[in-house]
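Trainee: Below, each chain spelled out in residue letters.
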Amino acid sequence: MSPGEFFLQQFINGLAIGSIYALIALGYTMVYGIIQLINFAHGEIFMAGAYLGLAAILLIGSIGPIGAAAGAAPALSLVLTILTAAAGCALLGLAVERVAYRPLRQAPKLSVLITAIGVSFFLQNAVMLSFGAQDRYVPPLLPVLHARIGSVTVTLMQGIVLAVSLMLMMGLQGIVYGTALGRAMRATAQDPLAARLMGIPVNRIIAVTFAMGSALAGVGGVLFGLTYSTINFHDGYLTGLKAFTAAVLGGIGNIPGAMLGGLLLGFLEGFAAAYLSTQWKNVVAFTVLVLVLILRPRGLLGERVAERA
Amino acid sequence: MRRTASTRLLVASVAIALTMGAGCGKGQPVIKIGFAGPLTGDQAAQGTDMLHGAELAVDQAAAAGPIVPGLRVELAALDDARNPAMAVSVAKRLAADPNVVAVVGHLNSSCTKPASAIYHEAGVLHVNPVSSNPEISRQGFDNFFRICPTDDLQGPAAARFAMERLGARRIFVIDDLTTYGRGLANEFIKAARGRGAEILGHEGITQGEKDFTPLLIKVKMINPELIYFAGMFPEAALLLKQRFALQIPAHFLGGDGLFEPTLIDLAGAEAAEGAYVTTLGGDIRQAPAAGDFVRAFEAKYGHLGAYSSYSYEATRIVLEAIRRAGRKDRPAVLAAMQQMKSYSGILGTHTFDSKGDTTLRTIGIYTIKGGRFEFLEASG
Amino acid sequence: MRTAILVVLISLPFIDRNPYHVEVLTTAGLYALLALGLNLIVGFAGLLHLGYAAFFAIGAYTYALLNLRAGCPFWLGLPVSMATAGVAGVLLGLPAVRVRGDYLAIVTLGFGEIVRIVVTNLEPWTGGPNGLLGIAHPSIGSFRFGVDSRPYYWLILLLVEGTAWACARLRRSRIGLAWVALREDELAARCLGVDTTRLKLIALGLGGGIAGVAGCFFAAKQGTVTPDSFDFILSVMILAMVILGGLGSVRGAILGAAVLTIVPELLQGFSSYRMLLFGALMVVLMQARPQGLLGLAQIRRELRGRRAAA
Chain V
49 MSPGEFFLQQ FINGLAIGSI YALIALGYTM VYGIIQLINF AHGEIFMAGA YLGLAAILLI
109 GSIGPIGAAA GAAPALSLVL TILTAAAGCA LLGLAVERVA YRPLRQAPKL SVLITAIGVS
169 FFLQNAVMLS FGAQDRYVPP LLPVLHARIG SVTVTLMQGI VLAVSLMLMM GLQGIVYGTA
229 LGRAMRATAQ DPLAARLMGI PVNRIIAVTF AMGSALAGVG GVLFGLTYST INFHDGYLTG
289 LKAFTAAVLG GIGNIPGAML GGLLLGFLEG FAAAYLSTQW KNVVAFTVLV LVLILRPRGL
349 LGERVAERA
Chain D
9 MRRTASTRLL VASVAIALTM GAGCGKGQPV IKIGFAGPLT GDQAAQGTDM LHGAELAVDQ
69 AAAAGPIVPG LRVELAALDD ARNPAMAVSV AKRLAADPNV VAVVGHLNSS CTKPASAIYH
129 EAGVLHVNPV SSNPEISRQG FDNFFRICPT DDLQGPAAAR FAMERLGARR IFVIDDLTTY
189 GRGLANEFIK AARGRGAEIL GHEGITQGEK DFTPLLIKVK MINPELIYFA GMFPEAALLL
249 KQRFALQIPA HFLGGDGLFE PTLIDLAGAE AAEGAYVTTL GGDIRQAPAA GDFVRAFEAK
309 YGHLGAYSSY SYEATRIVLE AIRRAGRKDR PAVLAAMQQM KSYSGILGTH TFDSKGDTTL
369 RTIGIYTIKG GRFEFLEASG
Chain Y
55 MRTAILVVLI SLPFIDRNPY HVEVLTTAGL YALLALGLNL IVGFAGLLHL GYAAFFAIGA
115 YTYALLNLRA GCPFWLGLPV SMATAGVAGV LLGLPAVRVR GDYLAIVTLG FGEIVRIVVT
175 NLEPWTGGPN GLLGIAHPSI GSFRFGVDSR PYYWLILLLV EGTAWACARL RRSRIGLAWV
235 ALREDELAAR CLGVDTTRLK LIALGLGGGI AGVAGCFFAA KQGTVTPDSF DFILSVMILA
295 MVILGGLGSV RGAILGAAVL TIVPELLQGF SSYRMLLFGA LMVVLMQARP QGLLGLAQIR
355 RELRGRRAAA
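Protein chains in written order, with the working numbering: chain V, 49 to 357; chain D, 9 to 388; chain Y, 55 to 364.
Only chain V is shown next, with the shape it has when bound in the complex (with noise of 0.2 Å):
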């Protein structure tokens, strides 16, 4: 393996690593932008979205004619997956919300992050006391193909999270700025006041931001699933916390940033443990991370708000 080849394969998969943090680090953006939210839940939201896309292939499997179907088809299996995890992840992220952070919507902040606190701790645990504690494997719907060029490999998995990530960044983009739904989490998200006085069903718009994060979380669940063939209750805390400083490295409440601050975070992860060593690697992004904010106080793409005190 030449060094350029190194380089390459490193950047390839730093880049579908990265198109997992960004999925997640979307979700975190649009409820950060639209009430200002740390939203702590967000991670196991997604990790519930992997046991989700779990359950849904486990489920197509065993049912004879679709089963069938979707062996024959394994593409449409995918998307079956995809859709049944997100929109369970939809269902979550609105029960969520309605039960643990509407009724606080006039309380201080910080009540509000240690809630999102609180709601982690249930739902990891809950994920454990029903599926159980152990690792779980999930099976492959897609053939496992590779592409070689001399030494560097690209797995198709690879291409299809690069897709799918982008797709729906640049979907999302779409209905923030180019639909009437898009307009009205703008609005409530300059000034909810305002925003309720126009005639916003604010409490609405709020519900269905945290659905559509919630549903991006489980693509992005399904995603990590399949890549890495092996999940864990626990693999919420770890890749949202990543997921969460891709979304704060890029601008937090910009939907290009959380792609941006994804893909960098996969590339600085990657090519830290490459040239440096594995164990630096977190020093080096949080350091990368530190040294961003303190150039620039909102992110690479973040634009100035509202100064809170």
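If you're looking for bench data, these hints aren't it; they were derived computationally from the structure.
Incorrect hints may appear among the rest.
Unchecked claim - Pairwise CB distance ranges, derived in the manner of DEER restraints:
no., chain 1, residue 1, chain 2, residue 2, range
1, V, Met215, D, Asp300, 51 to 59 Å
2, Y, Leu246, V, Gly226, 43 to 51 Å
3, D, Gly216, Y, Glu177, 16 to 24 Å
4, Y, Arg223, V, Ile342, 27 to 35 Å
5, Y, Arg123, V, Leu193, 43 to 51 Å
6, V, Thr335, D, Arg80, 52 to 60 Å
Note that the Cβ used here is the ideal one computed from N, Cα and C, for glycine as well.
Given the structure of chain V, go ahead and fit chains D and Y onto it with the hints provided.
Mentor: Only chains D and Y this time, still in chain V's reference frame:
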């Protein structure tokens, strides 16, 4: 209205918690065996496996008739969340309960070490199933017994196998940055260097991470003859899988944390093929004395974890000590244990040295072939 | 009232002879000390900090290393740990005070993780993942602290009481009032000639110092330190204690620490269900008392929703 509703809920939950805490110990007088391990958090899987082993031992003993006349034997299971400070608090709780005459416990060496001082002070028998850090028994506590071989036995056995049998001289070492993983990796490196191996690199991965490809791409470039991994099977499964995808030809050898059939399920038989694993003792499924245990365990819990047999054995040893003591009395139980010359269990026949470590020091070596662990040889 | 509570707390180990209860209260005391320190940063000065465990770690490792390498006694280790962690608070604060609000939270989270990983990786000094073993317990004259919880309990009670007293004094001092100004409206405070950077650094330094004291106590009590005692979850839990108790309230921080230490212990009977119930309880508690158990009215007002943009 909302506020009163949630306040009521709060009051109700606290009340439930309090009654749960106070509710134990009613009815027939009990004698308790303490159990401590991670039951929540990222090592809940291994901790629960351990708990199941202990539960089975106690249930079987209880079903066979009273161990001490007039007393019901009960397991008092507490969660240390693999946190050393929590472990101390758990240890104090067990030590403070006069019904607890012995403790089976703690998974992590970093928890067992500080907790052992508490058990020692309380004069309560402490049998440890799986914390393999050698430092623990060097504290000289006369109430401490351990039924697994320590890392300073396993590391050298692995190094000898890697170099003599596999002929590997150029080695890359990976651990999981835990007390266990780093401790074992260091023992391996020491022994391998002593035999003239060249350690091309030693890096730590973070437990719970999934993408080790950047590290493995580097390993591919360095091109060692063997990769040694000291850690647990979930990370090992990913390493094997990603190593396979990258077509790294180096041998893969790991410690006892990998000896778990789930490893092969998670990695896939193809990726796991040809990996080597050192184990504490032999294969429990093939041990002549363990057939009943394996059947009973799988009937009750389904999945037989790597550590279940150790906590089962440790709990049975404790039960034997209680039976010999014949009463609810910590010094008597401890004395009975100290006088126990040997104990024949499912892992083999244990005798204990002056530090309380078992003399059953067999390190087994297995390879994965056709999706199964296959016994190769045993040492020690 | 205050004296009565103190008398009860001091005499408690004589009344309740269960060492486990004393141990839980000692742990609660340790967390109360940490919560008091973090309250200074988050509650008084309004700086959201998510890496507080780092200072706790620095304090613990400072004493551990001084004791193991140079035989430094606990009572000398205490001020040195305090100073080291305090200086670390200021040094890490220098770049961090440039960023505001939630971004500060992320920078501090980053520092917290960096410190923990560096401690794990600097194996020759810190023992790496194995940590440091055989750290000396405190001793007074010929009396040596051992594994008995009671001496630690009285010591932590003294430390908490002293810190709480100092915090209450500090809040009424010129600095305390300036912190209020800083927290309420940083821009206005700066316009009035308040040196906001200096104020923030004072809060971070003092808060860090208190965590250093707690770290030293922890290392001396445990006799071992390992990096896994100082993870992100710990920072989050201390923050939860401060907020649950009531942001800015000295008594609240202590109460919050007591509640979040004792409740998980009460839930031990549920074994695997423990953290599920704990999470649900946290949600319920915050909904029942959004301003915290002993929240201050002014802070409730201040944090309510977003204020009209300046």
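Trainee: Run every hint past the structure and note whether it holds.
Mentor: Right, here's what the structure says about each hint:
{"no.": "1", "hint": "V/Met215 to D/Asp300: 51 to 59 Å", "verdict": "56 Å, holds"}
{"no.": "2", "hint": "Y/Leu246 to V/Gly226: 43 to 51 Å", "verdict": "46 Å, holds"}
{"no.": "3", "hint": "D/Gly216 to Y/Glu177: 16 to 24 Å", "verdict": "21 Å, holds"}
{"no.": "4", "hint": "Y/Arg223 to V/Ile342: 27 to 35 Å", "verdict": "34 Å, holds"}
{"no.": "5", "hint": "Y/Arg123 to V/Leu193: 43 to 51 Å", "verdict": "56 Å, violated"}
{"no.": "6", "hint": "V/Thr335 to D/Arg80: 52 to 60 Å", "verdict": "58 Å, holds"}
Checked against the numbered hints given earlier, this structure breaks only hint 5.
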